[in-house]
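Chains G and W are the protein sequences, given in the same order. Take 639 as the starting number for the first sequence in my numbering and just add one per residue. Take 1316 as the starting number for the second sequence in my numbering and just add one per residue.
Because the hints were derived from the structure by calculation, they are not lab data. Keep in mind the model is a prediction, meaning the values are calculated, not measured. All clues given are correct.
Under 7 Å between C-beta atoms, here's a sample of chain W residues computed to sit facing chain G: (1) A1333; (2) R1345; (3) P1355.
Covered, in the sense of this in silico footprint (three residues per stretch, anywhere, with C-beta under 8 Å from a C-beta of chain W), are these stretches of chain G: (4) 708 to 718; (5) 864 to 871; (6) 874 to 887.
Note that CB positions come from ideal geometry on N, CA and C, so glycine has one too.
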Amino acid sequence: MDRWVVITGIIGLYLALTLAIGLRAGRDTSPTVTGFVAGDRDFGLLVMYFVTGATVFSAFAFLGGPGWAYSRGAAAFYILSYGVLGIAPWYVIGPRVARLGRRMGFVTQAQFLVGRFPSRSLSALVAFLSLVAFIPYITLQMRGAGIVIEAVTEGNVPLWAGAAVAYGIVLLYVLVSGVAAVGWTNTFQGIFMVTIAWVLGLYLPSALHGGIGPMFREILAERPELLEVPGLTGGGDPWSWGGYSSAILVSAIGLTLWPHLFMKAFTARDEETLKRTVVLFPTFQLFLVPVFLIGFAGVLYVDALPQPDFILPHLILDVDLPVLVVGLFCAGALSASMSTGDALLHASASVLVEDGVRPFRPISEAAQRALMRVLIVLAGGVAYYFALDEDQSLVVLLLTSYGIIAQLAPPVVAALFWRRATTFGALAGLVAGSAATLFFFLNPGLRPWDLHEGILGLLVHLPFLVVGSLLTAPQPEPHVEAFVNPPPSTPEELRR
Amino acid sequence: MSIQGVRRGVFAFFLLYAVAVTWPGALPFRGAEPFILGLPFSMAWAVLWILLGGVALWVLHWAEGRDPSEPGGRERAGEDRN
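Construct all of the structure, not just a fragment, from the sequences and the given hints.
Written out as C-alpha cells, the structure is:
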C-alpha cells in the first residue's frame, strides 16, 4: 500500500475521533444562548487548561514557530517571552470578569464593556474590530490544515480538499455542540499536539545532529547570527531591538483580549478554576521549546525554503520517518489548527449576534442560536474562500490584528479599575487607538524605533481615554462600584 | 508576609520579567554562549523566565489560599490542613 494512503487513513481516524468527541460534548448542555456560547458556565480545570493552551497555540505556532526559528533564528524567542507575561494579568482580571458575567448575564467581551460603558456604538465597534481581527486568523488556520495534508499525502489530497474536510468537521461539531465541543475537542487536541511536539522536538535534533547541544554548536559555528537576540527579519537582515521588544509587549497585552479567549472567562465553573488555569499555563508555554528545536534542526539540513512555514512538513518527509509518525505528526498539526479555528469560528458568530445584532433589534433566544449557526457557516465560508487564495499579506494582516486587539486593553482595564472612566472616554480612546494603529500599519516608515503599530496605537489611545473621560460627567457611583469592587459570587449565582 | 505584600511582590516580579526579556534588560543576555543544558544562552534565558513566572504565579495562588479573607481562601486553607 502507498505511504500516502496509510497516512490519509491515520488522518481520517484522527478526524473521526475528533468529530465523535465534538458531537458527544454538547449532550448535557442546555438549549440556551448561555449553553451554546458559555457552556452553561461549567468548564472544569482540565478543560479550561487545554482550552486556554490549545486556543493560544494555533497552526501559526505549530508551523510558523519552527518556520521562524528556521529562517529568523533568535527572533522566534519573542514568542517564548510573551506568553506568561500576557497570561499573568488574567489571574486578576479573569475572575473579576467571570464574576460580573455570572451576575449580569454577559457571555461576550463587548457585553462586559457595554455593561460598564453603555453604548450601542461601542458594542458594534467591538464586534467590528473582533471580526476584522478574526477572519485572517481563521483563514490562516484553514490554510495551515490544507498545507499539512497536501504535503504529507504527496499532493494526492490537495489543499482545497484537506481544508474543506478538516473544517467541514469543525463546522459540524461547533454547530451541534457549541462551545462544549470547542472545550472537549481542545482537550483531546491539546494533549495530541503537545505530545507530538515533544516527541519530534527531541527526536529530530538527535536524528539529524546527534543531540540538541551538538545541533546548536554546529549552528553557532556556521550561522552564529541565528542564535543572538533579536535575530533576523524575514528578509535576513538583523531585526531591530525596537521591533523585537514591542512585538513582545503588544502580544503580551493582546493575548487574553482576543475575544475567543476572553469569552472563555464566562465558561469557567468558578473563579478558582480560572486562577488555577493561569497558574498552570506556563507548563503549556514550554511546548514552544520543542517546536523551536524542530525549526533549528532544519537550519543546516534544508536549503533555503521559499516559504519557511513549510519547514516542519518538509523535514518530516525528508528524514524518512516511519509512516505512523508522519501520520501522527499530521494529526498534531491539524490539532493545532482546528483547536484554534473552532474557537474562532464559534466566537465570531457569537460576537456578531450578541454584539452586532441583539443591541439593535429584539431577537428571541431560539432565533439567536439559529442565527449564530448560520453565521458560523458564513464565517467559515468567507475564511475558506480566502484560504484558497495564496495572498501572503494574510500573515501581515494577522500581526496587525494583534495591534487592533491590544486596543481593547485600556477599556477593559478601565472598566474594572478606573472609577472616573466614562463611555465617551472609552469610545474616543478605542476609535483614536484603532485609527492610529491602522495609520502606522499603512505607513511603516513613520514608526519611531521600528515599534509595533499596536504599541503606537496604545500611546495615542491612552490620552484620549483619560482626557475624554475627565471632560465628561462621572458615571453614577453605584454603577461604578458594581464593576470596580464587585462582591464575591453568592452560592446562588454559582449554582445558576 | 501579608497577602498585599505578596501581591505587590508578584507585580514587581512581572515588571522585572518584562524588562528582562526586552531592550535594554535583555542586552547582557542576548548571546549564544554559554550553553545551558544544550540550549543557547539567549533561549535558556527566555525559558528561565517562563519557569520563574510559573513559580511566581504559584506562590501568589498558594498565599491567597492561606489567607482566610480571600474568597475561597479559607476552604483552600482547610483543604491543605486535611
